[in-house]
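Protein sequences, first through last, are from chains A and B.
Be aware that the first sequence starts at 1, since it is given in UniProt numbering, and climbs by one per residue.
Be aware that the second sequence starts at 1, since it is given in UniProt numbering, and climbs by one per residue.
Mixed in with the good hints, there may be bad ones.
Unchecked claim - DSS-like, lysine-lysine: derived pairs with alpha carbons at most 30 Å apart:
hint : chain 1 : residue 1 : chain 2 : residue 2
1    : B       : Lys34     : A       : Lys353
2    : B       : Lys309    : A       : Lys328
3    : A       : Lys303    : B       : Lys253
4    : A       : Lys446    : A       : Lys307
5    : B       : Lys253    : A       : Lys137
6    : B       : Lys317    : A       : Lys303
7    : A       : Lys435    : A       : Lys264
Said to hold, decoys possible - Stretch by stretch, here's where chain B covers chain A in the computed footprint (C-beta under 8 Å, at least three residues):
hint : stretch
8    : 140-150
9    : 378-391
For the record, the hints were derived by calculation from the structure and aren't laboratory data.
Keep in mind that this is a model prediction, so the values were computed, not measured.
Ideal placement from N, C-alpha and C gives every residue a C-beta, glycine not left out.
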Amino acid sequence: MPSNNHWTEVAMPQLAESLVSATIGKWLKKPGDRIEQYEPICEVLTDKVNAEIPSTLDGVMGEILAAEGVTVSVGDIICLIDAESHEAELSPAVEKAQDIGSVSQATTGKDVSMRTRYSPAVQSLAAQHDLNLNDIKGSGLGGRITRKDVLAFVEQRGEAGPAAVSASPFEGRNQQVSSEPSPPLGTSIPNVRHSGLHLTESPRIPTIEVEGAGTGRSEYYIDVTPIRNTIARNMRQSVTEIPHAWTMIEVDVTNLVLLRSQLKEDFKRKEGVNLTYLAFLLKAVVNAIKDYPIMNSFWAVDKIVVKRDINISLAVGTEDSVMTPVIKRADQKNIAGLATEIEELARKTREGKLTLDDMQGGTFTVNNTGSFGSILSYPIVNYPQAAILTFESIVKKPVVINDMIAVRSMANLCLSLDHRILDGVICGRFLQRVKDNLEGYSQDTKLY
Amino acid sequence: MPVMEYIDAIRLAMKEELARDESVFVLGEDVGVKGGVFTTTKGLIDEFGEMRVMDTPLAESAIAGVAIGAAMHGMKPIAEMQYSDFMLPATNQIISEAAKIRYRSNNDWSCPIVIRAPIGGGIFGGLYHSQCPESIFFGTPGLKIVAPFTAYDAKGLLKAAVRDPDPVLFFENKKCYKLIKGEVPEEDYTVPIGVANLLREGQDITVIGYSQPLHFVLQAAEELEREEGITAHVLDLRTLQPLDREAILEAVKTTGKVMIIHEDNKTGGVGAEVSAIIAEECLYDLDAPIMRLCAPDVPAMPISPPMEKFYMLNKDKVKESMRQLALY
Chain A
1 MPSNNHWTEV AMPQLAESLV SATIGKWLKK PGDRIEQYEP ICEVLTDKVN AEIPSTLDGV
61 MGEILAAEGV TVSVGDIICL IDAESHEAEL SPAVEKAQDI GSVSQATTGK DVSMRTRYSP
121 AVQSLAAQHD LNLNDIKGSG LGGRITRKDV LAFVEQRGEA GPAAVSASPF EGRNQQVSSE
181 PSPPLGTSIP NVRHSGLHLT ESPRIPTIEV EGAGTGRSEY YIDVTPIRNT IARNMRQSVT
241 EIPHAWTMIE VDVTNLVLLR SQLKEDFKRK EGVNLTYLAF LLKAVVNAIK DYPIMNSFWA
301 VDKIVVKRDI NISLAVGTED SVMTPVIKRA DQKNIAGLAT EIEELARKTR EGKLTLDDMQ
361 GGTFTVNNTG SFGSILSYPI VNYPQAAILT FESIVKKPVV INDMIAVRSM ANLCLSLDHR
421 ILDGVICGRF LQRVKDNLEG YSQDTKLY
Chain B
1 MPVMEYIDAI RLAMKEELAR DESVFVLGED VGVKGGVFTT TKGLIDEFGE MRVMDTPLAE
61 SAIAGVAIGA AMHGMKPIAE MQYSDFMLPA TNQIISEAAK IRYRSNNDWS CPIVIRAPIG
121 GGIFGGLYHS QCPESIFFGT PGLKIVAPFT AYDAKGLLKA AVRDPDPVLF FENKKCYKLI
181 KGEVPEEDYT VPIGVANLLR EGQDITVIGY SQPLHFVLQA AEELEREEGI TAHVLDLRTL
241 QPLDREAILE AVKTTGKVMI IHEDNKTGGV GAEVSAIIAE ECLYDLDAPI MRLCAPDVPA
301 MPISPPMEKF YMLNKDKVKE SMRQLALY
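Work the whole structure out from these sequences, hints included.
Set out below in structure tokens:
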């Protein structure tokens, strides 16, 4: 351990209200690296999100106290940062003065308002030892003479006659005790979570490690990551609590395909983001939700809570997980705005940069399952929402229109619903409205 | 010696007393088949049967009343109040009957009941699952009140309470159930009622408290010693009625600076009585005004998480108060 004072300790921050610990994912800085304030120093994994911990000051990275994969309680020290600059130039004497803090300031500073306020204990001791209290320096608040000042004075006088006593009651003992802090008597305090009525053990957060085929070749193990664990828990909760029902509708998106291919080049050039089908779909879904607000609700046992804001959770998959970042107040955004937001959230998901705020408040989920080639899927409702809608692959098909066969671009929309809240009729009407909205896109459709 | 959780220590105490004495029985809401909402009585009905581990209707006054009647007839009931918040319908039985039977009958009758009730908040329980009702019963002569903090004391005090010839209120802290672990002997032992326990020795300040806040006090004391060289003398009252006056005065005299801490509100709480004892008995040993750190005087624990956090004590609040007292 460094003994100099200019080492600053970096503690695990409280990343969310309910969080009591987090696992160190990866150290982005090595001891000796220069760091600027707010620069990320390490990645941490929680069961909600992965986050980066920024440095709280400029300096040089010191010792790393929490290794990668270790789970650290909120508030525990994870590393040291050397905040060199002006503090390093201070002489040891000044540092020492700083070390004992407000105690010495109280005596050397101007505040002596408590200098002549003697406590009963001080007066008793002064009378007992026949002391003149003016001879004693006060180390307490406002220059107050404390009981310990008097005792120290008596002890010192016993050895070396009347003399000034130490300015700080804690000075000196600091070093001596730090080496062996005495354990509390008669009890041991385990390190456990301290929020909520969690009487069951919290799930183990393992390190992400694949056991190779060295021992057995027939199978190998993948440890469950916190994110995987969360997905599993949410899925299980949804499937066990929500009675699911499912329905599907086929939509003719030929006009939409034409419209998009006409606009997309221009849009990319102007806005710098891709104009995806998903943006059009979201607009169609949001407008349909406005007409059928019950889709935007959740079950609360004795009532159904209908949310006024339409916040669309967007399922974004990566190789090994799926996240549902939220487009807040999607009803107040136009197609261009939705396209921009989709791209932004997809990028943040891929880069693992989603914040807790990005993940919260969703009221209805949309999954673009067509993006990985599905033509039909049976989604699980994103608990506690009422329904989830998937947008399947756009496929060219022969379709009968006015007794003639035409080649049209067709896509399926699948809807899983909480049957406690929603029934077939309302969902059928909702899907029909989404279909109407999608088929209603034409050359006149405005993006802005 | 096995290390066990506070809740397991309480269960073990009941199990041992049920096995030791035929007249001991447990009654309360959901204590039987369900094994208690916190699992405190789990498994007891399987071992001792439904005649000795009884599920009762949701009627606290009846639970206390039945227990009192059985106790007067020679039984040793352990009555559980599911949460101490629900105990209030039984206050008439407890204060007007149980506490007074020996006195009223000129020693012809006695009432050896134990009433167990979980106290305390910080579990997101809101108004009616978080209260600390110690002060309601505290000023009632004839009742004994214990509130253990360690797992060792939880077992030892509950066994002592069962064997005590008079009514004992056993306030167990629900936040401690899984939080506090410690060595608990598997053999028979009791912790005497009315004796405080010194948790930690120190020279700078004295902290007097009971139940769960002592967890924060010990954490803060350890940090203050390590970081600033401030040492704290920590006394666990363990028994609230009768208070261990000698231990309180001795702890005060060690440092002259006293902080009293509890989760119950400040006004009219146990800390008020402790500070009155100190003021009466050892004014001339005081080196600083007596400090009390307690829950604020608001009607109840808020349900909103940030407000609950504000209401509850925590290590940082405790540490800062201890530091202020040390610097005074």
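Numbers of the earlier hints that this structure fails to satisfy, in rising order: Failing hints, ascending: 1, 3, 6 and 9.
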